[in-house]
Structure formats: structure tokens, C-alpha cells
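**Student:** The hints should help you fit chains D and Y with the ligands onto chain R, whose structure is shown.
Read off the chains here:
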Amino acid sequence: MQENTSYNISSEISSKINKWLAKFPIDQKKPAIIYALHLIQHETKYIKSEHVNAVADFLGLKKIDVYEVASFYSMFETEQVGKHTISVCTNVSCMLNGSDEILKYLEDKLKIKVGDSSEKYFLKDERECLAACCGAPMMQVNHKYYENLTKEKIDSIIDGLENER
Amino acid sequence: MKIKINNKECAFSQGETLIQVADRNGIHIPRFCYHEKLSIAANCRMCLVEQVGVNKPQPACSTPAMENQEYFTKSDLAVNSQKNTMEFLLINHPLDCPVCDQGGMCELQDQALMHGRVKSRYEQEKRVVLDHYIGPLIKTNMTRCIHCTRCVRYGEEIAGIKEFGAIGRGESMEIRTYLTSAINSPMSGNMIDICPVGALNAAPSHMKGRTWELEEVKYISPHDCVGSNMNLHILDNSIFRVVPHENKKINETWISDRDRFSYEAMEHKDRVRKPIAKINGRHMEVEWEQALEIIKNNMTDIDSSSTAGFISASSTVEEQYLFQKWLRENNIFNIDHRVSQSNFDYDEEDIFPKIDIPIKDIEKCKSILLIDSNITYEQPILSHKIRKAFLNDAKINSIHTYNYKNNFDLKNSLLINPNYLAETLIDIIEYLSIITVNDKTLKKFIIPESIKKNFKGLTNNNIIEVSNDLLHSNSIIFLGSNLKNHPDFQSLKILTNIISIYTKSSTCYLGDTSNEAGAWLTGCLPHRDIGNISAKHHGLNIKDSIIKKLDSYIIYNLDLIDFYYYSEMKKSLESAKFVLGFQSFVTEEDKNLYDVILPLATSFESPGTFINIEKEWQSFAQGCLPHFDSKEGWKILTKLRLESGVQLSNSLDYIDILNEVDHEIRNIKSIESNKMENFIFDVKSNNYLTRTGGNYCYFIDNITRRSISLNTVNKNKNLVCVNKKTLEQNNIDLEKKKVILKQGEKSLLVKLSVDENVSDDCIYISNSNKEHFELGKQYQPITIENV
Amino acid sequence: MKDKFNINELCYSTLSSDSPNSYETYVSQGGYVTWKKILKELPDKKEIINSVIESGLRGRGGAGFSTGRKWSFINQDSDAIKYLVCNADESEPGTCKDRDILRYNPHALIEGMLIASYAIGAETAYCYLRGEFIDDVYTSFKNALKDAYQNKLLGKNILNTDICIELHDLIGAGAYIVGEETAMLESIEGKKGFPRYKPPFPAVKGLFGSPTIINNVETLASIPKIIGKGPDWFSSFGTKDSAGFKCFSVSGHVNNPGNFEIPLGTPFKTLLELAGGMKDGKKLKAVIPGGSSVPVVPGEIMLETNMDYESIAKSGSLLGSGAVIIMDEDTNMVEVIHRIARFYYSESCGQCTPCREGTGWMFKVIDKILKGKGTLEDLKTLESIPKMISGSTICALGDAAAMPVESFVTHYKNEFLEYIKLPTEKLANNKSFSEPLNNEFILSRK
Ligand SMILES: Cc1cc2nc3c(=O)[nH]c(=O)nc-3n(C[C@H](O)[C@H](O)[C@H](O)COP(=O)(O)O)c2cc1C
Ligand code: SF4
Ligand code: FES
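Chains as they are written, first to last, in the working numbering: chain R, 1 to 165; chain D, 1 to 787; chain Y, 1 to 446.
No wet-lab data here; the hints were simulated from the structure. All values reported here derive from a predicted model rather than from experimental measurement. Honestly, I wouldn't trust all of these hints.
[Stated by the list, open to error] Derived DEER-like restraints, expressed as beta-carbon distance ranges: (1) ASN148(R) with PHE5(Y): 27 to 37 Å; (2) LYS142(Y) with SER156(R): 26 to 36 Å; (3) LYS142(Y) with LYS411(D): 34 to 44 Å; (4) PRO267(Y) with LYS104(R): 30 to 40 Å; (5) PRO267(Y) with ASN148(R): 49 to 59 Å; (6) ALA63(Y) with LYS37(D): 45 to 55 Å; (7) GLU166(Y) with SER181(D): 53 to 63 Å; (8) SER10(R) with ASN143(Y): 54 to 64 Å; (9) LYS2(D) with LYS421(Y): 53 to 63 Å; (10) LYS37(D) with PHE65(Y): 48 to 58 Å.
Where a beta carbon is used, it is the ideal one built from N, C-alpha and C, also for glycine.
Isolated chain R, as found in the complex (with noise of 0.2 Å):
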């Protein structure tokens, strides 16, 4: 994890913080850590120490405490990574489905290593079984499902991706 100066948490996510806050009995903060690495990531694209730092200081934590939540939870991400995170399934069901090709292809089209990152992609080494076996094989990219890949929709979905400004 890197270490770095400050960080403010924005009026927005701060109410949101809140709101989230109220669906747990009044002394209990620390129910509001993922949330809030969520919302902090969603911006951010990866969690640095002040965000750790600014997430304890505004829920009156200590910072080891969320920093073991930030560093326990595969999906947040505590080293820098690109713009677009893709996790291809590798489990059994994709895996007996040819997501190992997929994958390939993908380390191919994209000039990455699974596990790397480039500035705008970051090909996530997905370890966990992401629930659509039946649409096997499949990809989520930034949390979207895309299911029974082929290298088509492959290029398609990446297509849209080099477009979006």
C-alpha cells in the first residue's frame, strides 16, 4: 500500500456514509467500513493510506482496523491498477467451459499479464467463482456480467471500452 499525504472524504459520499449508518444500531461504526472503501475505490479505482486514514477518521476507527478489512476483501484493490478492472471466472464450471483461452486472449489483446495492470486495464487474477456458471464462460467488467464469452463479444465489449472517452 502506498503512502501518501491526505485525502478528504467529499460531502457526498460522506452523507451517503451516513445513511448507511443508519441501518445499524447507533453505536456500531464499523459496519460502514466496506461501504465506505466501496464508494472511495468506485472514485478512486484503488484504496491508498489515506483513504484508510480518512475512512477511520471519519467513522472513529482505528486505522488498523480498516486497514484489515481493506486488505482481507479480494476487491479492493491496495496497489495502483488501471481504469477498467476485467475479471475473467476462472473457476471449474468456466474453466471446463475454455475460460483459460479467454483469458489468453485476453492477456493477448490487452499486452497484460493476468494480475497486472496496464493505465487503462486491469486484467484482475480472479480466484473466486463469480456465480453465472451456467453462462459459462464469463466476465465481469467494473462488476458487469457479461456471459458466454466468445472472442467476438470479446472484441466487442473491449471495442466500447477504446471508444468511451
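**Tutor:** What follows is chains D and Y with the ligands alone, placed relative to chain R:
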């Protein structure tokens, strides 16, 4: 209720776990994560045993004992499960026992021998974990960590400051602090003890010796007023390390970092190695005989009424007893130990550091009021008790001059300027006097007029809440040890006493040394004799002794910066005819002020007794023989008494002294109450900028301030802290980061930290070096200027 | 058991409609009638719980424990706060049935959660969705929840009764272990997903220390019809010990993979037919009948087995979450278990020793064998590690990781032996997975 373990019938009570029942019955079950003082984690899976009728092995640490169940701890199922766990644990554990500090006292090593398979089948690469610097006290070797999380739970539950966490998941999970943070808890060293392997090691003794070469001697903490029990581990007549010694009534199984690491000072360069004497204007090392000769000559010459003797309240009872005895035998009555006190009003009826309830009962209190006490850092063990009370739902309130960091939460936290401390207590008294009008038991109690005069009609809600909380049964008030040099110290004690009368609370006047009670009981005071009874010959108190510039001074086990009247003291010593020191340490500069210095053994090198705040006498044996040419205080003082012609048996032994002290003091009933009739309180309108702050917790006595590791813990201790409002009022330019402080003639350039924990109109300095003492005094006016 | 049945009768009933997830569709099928009836009649809680017990509904999350009995563990006499948690962390490899309920029939789940909350006396219920659902699935569920609130079917004093139930959506952040019920509680409390040791069980001491019931999405979504049509209707489907319908996610080498909701006890053959039969007409080699955590069953045994808890247990496996993974004759079983072992290795939470150390050890040994460097000694070790893990961990992830390895080695030992005997060159040419994902990379999780 009963269960059977290994066919042995064992009784248990509802809620007990299997491991507790087994431990009580002397049945050993291996364990790593379980620790009787910590919450249950059940994560190491070492304690698996067989429960008859259940096909899976059960973890003894988290399985509640069930009526009429049968368990086996050594059946095939149990033994195999334990072996499996050992094999798993050793997969990623390095086999570096020969170079590991923990070797010889390692739970993993022991259990690998008892429960492991001989050969490991794992041949892939072992996990390697990078170590991060976490401060000067604990040296980590995290590759050895077995993830038992004892240290994490210790931080969360006992120390109350969660610093370690388990980062990441699975095999790559790491126990570490956040990023590069260093451990800051004043009780962090206990993690070294509870770590079952060699992952957390004491940094100062890291890789310097092996467990089986050590000798163990029980010792009592020389640094705080509770008398924590500890064991010195001795290697080649030096202290190798210090660990806790269990005492259920006091420190349980913990000690503070200060107690654990202060021994490092023993070899400090300031250590007085040989007797030193000023001969023809030059200081030189001399032999004992020569030094004693010089003293003898001087003692016959001096004017005893113009001589004062000061002894440290960290010296042992035996030393204090002999010191005052020797002086009084020489007709010297100006005896005192209250070096850090500034005000001596009402000292005829004064009471000394004490606690009204046993230390172990603090955790049962339902309401606690702290009056300007930085207790978590200054009396960590007591703070631990308060934390327990807190976890037990006690209401804890605090009135203070700085928002100290505590390891418990405060209900009401009143930050006030030190000049208004007494007034705040009077506000409480005012409210209490109204609310308790119907209390018949208080009928006879009359508030002194001078207090009543200051009643001003109540407004503050916090005051009301704090007062109401104290009215709970089982409440206690702590008066901080820092207040000793507060000009209103004596008044604060009396006001606290009045509050305690109204609320029927217990009180605790904290001390910052290990044996203040001893100093009082042995009569190391100008107005009290042995047994704390009124003295036959009254002498001058320490303030007068210093200010009146006497002819001779005798200083026992004290640095000059221990004196509140530091600069006055220096001047008096400069002009004195004869200055004698009994010192373990002396700075190069202070040395010049003495005529003779006798090298004194530290309490690590001498047997002795400390009397703690609850008047518990605790004796300890000699840890190691005195280093260099120093000698035990009781020996030196006995020798001097012989020299001055007192008739003593020639074969006098330490035990004889201990017996004598015991006989003379232990059963004497001493004076112990504040009389309030002649109490006159006048409000001073001190609205100047005031210096506050106490001594940094690792700078409190001549030993701690010389232990290197402790004094590198906090990099920020040299800052001066001021809040923003005060800075603005004094037109300080915040860009510059540095400011000039002035007290009287003196000035000091210091680093500034803007700190909202400081009360208004105050400059907070945590004294941690000589310049701080040279600048001026606590609670006195101070000015702040731009560079 | 009834011979004739309609597919997708219960949790997937809205699939036949054009806009399956809308409030209107659900209501047009008789949705929320049961809930409204309960609000009107305010039946005794015990009555509802008894109906659920009688229906024979068993938890659909994997363990198959009687749902009604689980609810009855809540001490109704205590006035402690109680919670209901819906486990929508669906992450058992092969399973994708809950996602379709959340997307296509969210109101059945909401109604089920309301009835369950009523029955156990909870005023707050949480539905915890796995983090990866954060986009489409979460949105669909949130919208449904909004509709339900708008129609005043939940909240304070629902339809002017004394009943107050708040239902909150929650979202995770990627961790298989959080599907374990106590790890989910930890995660809801904002901590790492470390499972808790039991006892105490959640029904005694669960979320925020209060009594809590945790149920799977499918379990809860089944409730409205069970209560509405009566327990007898439900138990008239399925077998004696496996009552009612179950959603099966059929994936792998089949022509028409998908979720099929059929009565329990239906022959596997029928299910395979529903899924369009084997892809490319190949032969069935093996089936994992209940998600990757359960033992693999050779094809020929499976073809004789019915899809209910007892029959599958007899064939040496578990019904689990109902994820049926079909493998054809060309499947490389060492590769499959390598992939499964890697999954458990990276998803072990790291809390307890056997699982933290054992999952890695198993994976590394399989990896070594797959790379052609294995020895017979390794295979022996691989046979023994699952036995060392099983039954000695805090939660069932240890067993979940051990069972597949044990079963793959038992049933397909010859394939492992081939790898051990195979010269390395030949191995390099060995089709799809010639280069197992770089090991160093796998070791560092992030
Ligand atoms: C490692 C592990 C993962 C699990 N994952 C899930 C899951 O993703 N979804 C689920 O509903 N249950 C899962 N479970 C089962 C739950 O622990 C729990 O039994 C279930 O939610 C109870 O609901 P039910 O009684 O309705 O089945 C998992 C269990 C384990 C041990
Ligand atoms: S460092 Fe020691 S105490 Fe802490 S988890 Fe590791 S083995 Fe346990
Ligand atoms: S001592 Fe019981 S599991 Fe660790």
C-alpha cells in the same frame, strides 16, 4: 456439576470451558492461542481432545464443559489431532531454534517435542515474512509467527490500544501494525511474553543470551507506586531481561514497559563507578577509605542546624530508615524527600500517597473520577484496573489540564486551565452540598467558610453529572501524581477529601515513585519521625532548606533535576561549604557541585523493601552484586553510623536491618487525616499564560531517564504543545514551526506542535530533557514568542 | 411423490413473465397475499414455525438443516433484539441459483424474509449480497426493496399493525468465506470475515451479540408459497426426507446449462436431459453434484442416482448447494482438482491452523504433480492431508477443501499416477493446461 477427563472425575461450574477445568485439575492440554487473560480465539487448534460420543475432535479452549460428559486428552483421536496441528504449524515455521531468543522457553518447541512428528513431510518453500520496525522495545521476527493472535487480542483487550492487526488473509496473513507505525502502548512489552514463539522479542536483549543460562530473582518495580512484581533474569551478574512475576493482587501477569526496560540504565555513562572527591578543587576518583575519611572529618565540622539531607522516595525502606537515623543521630533534622513538591501549607496534617481500597478492587468500582492524571502512561497497572472497571460498565470522568490519552473511554472529559482546578472542585462541592442536604450522616460535617465563600451558583452540566456519578456506591477519586508541584496541591488534596466525604467515595493520591509511603513511614520528613508520628525536633522543609542556603547538603539517590526548586538548589549547592552525594548516577555537570560522591548500588543490585500505595510491604533479594565499585545503601549508611560512634553489632546483616525496620514501623498507627478547621482557601486570579505538563513518563527518575530504548519510544516528546486559540492570542506565526519560550530570564528555542488537547492559555511541555528544567518551573508564568 | 411437475414452480415462478422482477408481476401471481394475511390475522409465531417444520423444508445454502427447526431455536420468551440475515453471498463454485432469484424474483425473497422475521420476532433483517453483485444484481434487489417499501409492506407499523420490520440491503467485498454464516455476521459487523467458533450458535448469540437466524436466499424465497399453499402442498413434492422443490444450477459440459427448479428426488438423468444432454454427444465422466466443496461422483454412479439428499449421500457425495457440475470423458481430473484446490487455498481466511496451512500444502503438492515433478510419496501425502484437515477446523471450509481432494484422489488415482510416471516432455504437450498459472504469483495473494 461433574465431568470426567481421562477417567478422572472433575467438578466444574456453569460456563467453564474444558481447558479451565483441566488446568485446575492439573491435566495438561497443549495450547497456543488460549491465554487465560484473553478472549477465546480457538484458532490454533492445538488443544483438540476427544469427547466421548462426538466423532470430531473438540477444541478444549472453546468447548464448554457439559454435565456428565467424558473427555480424553490422550486418546488416539486427541493425540493424532494434536500431531496434525503441530505438523501444519511447522510447515511455515522456520527451524531456527538455535538462534531464536525464545529457544528454551518456546511453547512451540516444547510441544513439537511432545506432540510433533519426528520428520516433516512438507518440502515446498516456507513462507517468509518481512519485518517492519515497530519501535525500540520489540524486535519482530514475523516469519516465526504462528498466527495465534494473542498479541492482537492483548492489544485490543488488555492494553486497550489496538496496534497489531491481522492483515491479509490465508497463508499470506501477516500480524503487523498499520503501515510503519511503531507500538506506543505503555504496556506493549507483555506481548513479548504472551507470544508463544520467537516472533516478538525484547529488543534490548535480542540475541544476547540463552534462556537456560539465566538465573531468576524476584524484584519489585522501582518506578511506580503500585509495586509491580517482576523477575530479573540475570546473566553473568548483569540483568539480561525483566519479566512479570504473577501477583494476583497487584499486577496480575503484566508489567509496564517502564518496569521491563529501565534496567538498561545500569550501564549508563553517568554511572558513578568509584567514590569521587574534590581534592584541591579538582574532582578525582578515590578509594572508599579516603572518601569515608573526608566525610568523617566534615561531619564533625559542620553546623548540623545548617545542614539538610534529601533522599529519594524511590530508595528502599531500609535506606530511608538508616538515612534519617544517621542524620538524626548527628542532630540533623532538616530531612525531606518531597523533592517535587512546591507548596507545604498544612503539612502538619498532611496525608501521603495512598489508596483507600485494595488495588485489585479498583475494577469493581462503578464510578471513577480522575483529577488531572495521565494515568495510562504514568501508572499503567492502575490504568489497566480502571480499564477493567470500564469494561465492567463503570462511569469514568476526568477533570484535567490536558486531554491525556487513556486506554478507556471517558464519560465526561473536562479540559480546564490548571489555575482553575481548585475552583472546579469547589463547584463540585457546591453542588454536592445542595444535593446531599437530606443526608443525615453528613449533619456534622461543616464546610470551611473560605470554601463556601467561593460558591457561585451552579450552571455547568458536566459538573452535575460528574458529581452525580460519584454518588454511586463504590466510587473512587484519583488525584494525579503530577499535581505535586501544583501551587494548590495541598488545597486540592483537602478539596478532594471533602468531595469524598460528601460522596462516600474512596480516594487515591497517586505517587510517582515506588516508595513514597516508605519515606513517610520511616520519617524522612522534617516534621515526622519514624512511624509518621509528629517529630520531636522539627526541621526545615525542603523548600526552606534550599532557599535558606544552608552550609551543607546531603543528597541521596537524586538528580538535581528531580528538584522542583532546581535552579535555587543549584545556587545553594554552589555556595555550600560541604555537599555529599550518595549516587548511582551523576551527570558531568552536577558532579562539580559535590565535594564527595559515594557510588551507590541501584535497587537492582541491593536487597530492599518498597511499600506501595496500599501499604503493602514487599521485600526483594539482591538481583546482582553491585557493579563497579558501588555498594549497597544499607551497608554504606551502617558504616557511616558506626563511624559516627553509634553502638552497633559488628555482625549486622541486611536481615537485621529489615527486622529492625519492621519492628519499629510496621505496626505503628500513623496520623492519617486532613483536618479542615484551619483550611483557608483563597482564589488567585492567575490569568497569565501558564506552563503545564508533567514529566515525560520515561523521564521520571534517575533510572528511567537513562534507559536508552525507553527514551527513543516517542520521537515527539520534545515538542511543546499549544492550542490554536492561545497561539493566535499570542500572535504566533504558525508557518515557522519553532518558537521561543521565556520564563523569567531564561529562554528556549523549541519545536511547536499545535495541539487542541491543551487547555486555553497554557503551554504544555512534557519535561524530557534538562533544558526543560533549566527554563523554569511548572505552573508558573511563561511567554511565547516568534523566532 | 407426484410424477408430474412443472419446472420452476416456486422460486423461479416469475421467469415465465416478461418483466419477471417487477412488483406487478409478483403481485399478479398472488405475491404478498400471504404476508398481508399474516398481518391481518397475526397468527401465533409458533404456528408459522410449525408449518415450516411440517413442510420439511431444508436449508438450501448447503448444509440442508431443517429450516423450521432452526427458527425454533430462537428463544421467543426473551425480549432481546433478534435479527434475520439472508445469506446472498452465493459463491460456492458452480452455484448461480440465488443470483437469478435476486434478479428475477426479488419480491419472493423479500416476502419470505418478512414472514421469517415475523416468525422469529426480528424487527431488523439484513440481506447480505456478495460484493461482486454490486452492479446489476444489487441494483435489481435494491429497486425491488424500494417498491416494497413504497407499497408499505415493511417499515414501521406495517399496514397499521404493531408490526415493525426494517429490511436492509448490504454488500460484501469479495470473500468466499463470508458465505459461512458466522463469518457473514463478522463481515456485517464490519470486520474481516473470520468465522466464529461454536457454541454459542447464532440463534443464541449472533449479530451484534443478539440472537440471529441466517438463511439462504432460496430457503427464504420458498417461504411465502409454503405458508400460502400450506406445508402439505410443499411436502407433496419430493421425497419423504427431501421435500419440495430445489433449484439446481447445471453447468459444465452440457448443451443447455442453466438453473432448473425441480422436485427433489428427480432422477439425475432427467435433470441432465433438461440441461440438453452432454455437449458434443460425449460420454459423461464425472459429476460434482453440490458445488465444488462436495466429493466428485463418477458418471456411471451418478446416472443411477436421484437428486435428493439421501440418494446423493448414498452415492458418496452431498447435495450441497445444488450446483451440478458435469464433466465429460475428456476432462483432465488432475487439472480440475488443481483448480479447485487453488480456489480454497486463496479463499482460506487464515484464521485457524489446519485450513490455513493445509489448503496451501494440498495445492502445492497437486501443483507439483501436475508439473510432472510428483512422486508416489507426494500422492501418499496428498491422500493424508484431507484427513488431517477434516473435522478439526473452526468452520466447514476446511472440510470443503478436503472433501474434493480426497474424492478426486480416490476415484481418479490412475490419472495422478500417470502424471507421476509421465516423462516431462509428454507432459508439456498435454493439452489445455500446459502451463499452470505461475506459482510465485499465486503465492502472493495481491
Ligand atoms: C465455506 C462456506 C461457504 C458457504 N457459502 C455459502 C453461500 O455462499 N451461500 C449460502 O447460502 N450458504 C453458504 N454457506 C452455508 C452457510 O454457512 C449456512 O449454512 C447457510 O447460509 C444457512 O442457510 P440455510 O439453512 O437456509 O441453508 C457456506 C458455508 C461454508 C462453510
Ligand atoms: S506474533 Fe506471536 S503472539 Fe502474535 S500472532 Fe504471531 S505467534 Fe501469536
Ligand atoms: S488453544 Fe484451543 S484452539 Fe488454540
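**Student:** None of the hints should be skipped; say for each whether it holds.
**Tutor:** To see whether the hints hold, each was checked on the structure:
no., hint, verdict
1, ASN148(R) with PHE5(Y): 27 to 37 Å, "holds (28 Å)"
2, LYS142(Y) with SER156(R): 26 to 36 Å, "holds (29 Å)"
3, LYS142(Y) with LYS411(D): 34 to 44 Å, "holds (39 Å)"
4, PRO267(Y) with LYS104(R): 30 to 40 Å, "holds (38 Å)"
5, PRO267(Y) with ASN148(R): 49 to 59 Å, "violated (28 Å)"
6, ALA63(Y) with LYS37(D): 45 to 55 Å, "violated (35 Å)"
7, GLU166(Y) with SER181(D): 53 to 63 Å, "violated (39 Å)"
8, SER10(R) with ASN143(Y): 54 to 64 Å, "violated (25 Å)"
9, LYS2(D) with LYS421(Y): 53 to 63 Å, "holds (58 Å)"
10, LYS37(D) with PHE65(Y): 48 to 58 Å, "violated (36 Å)"
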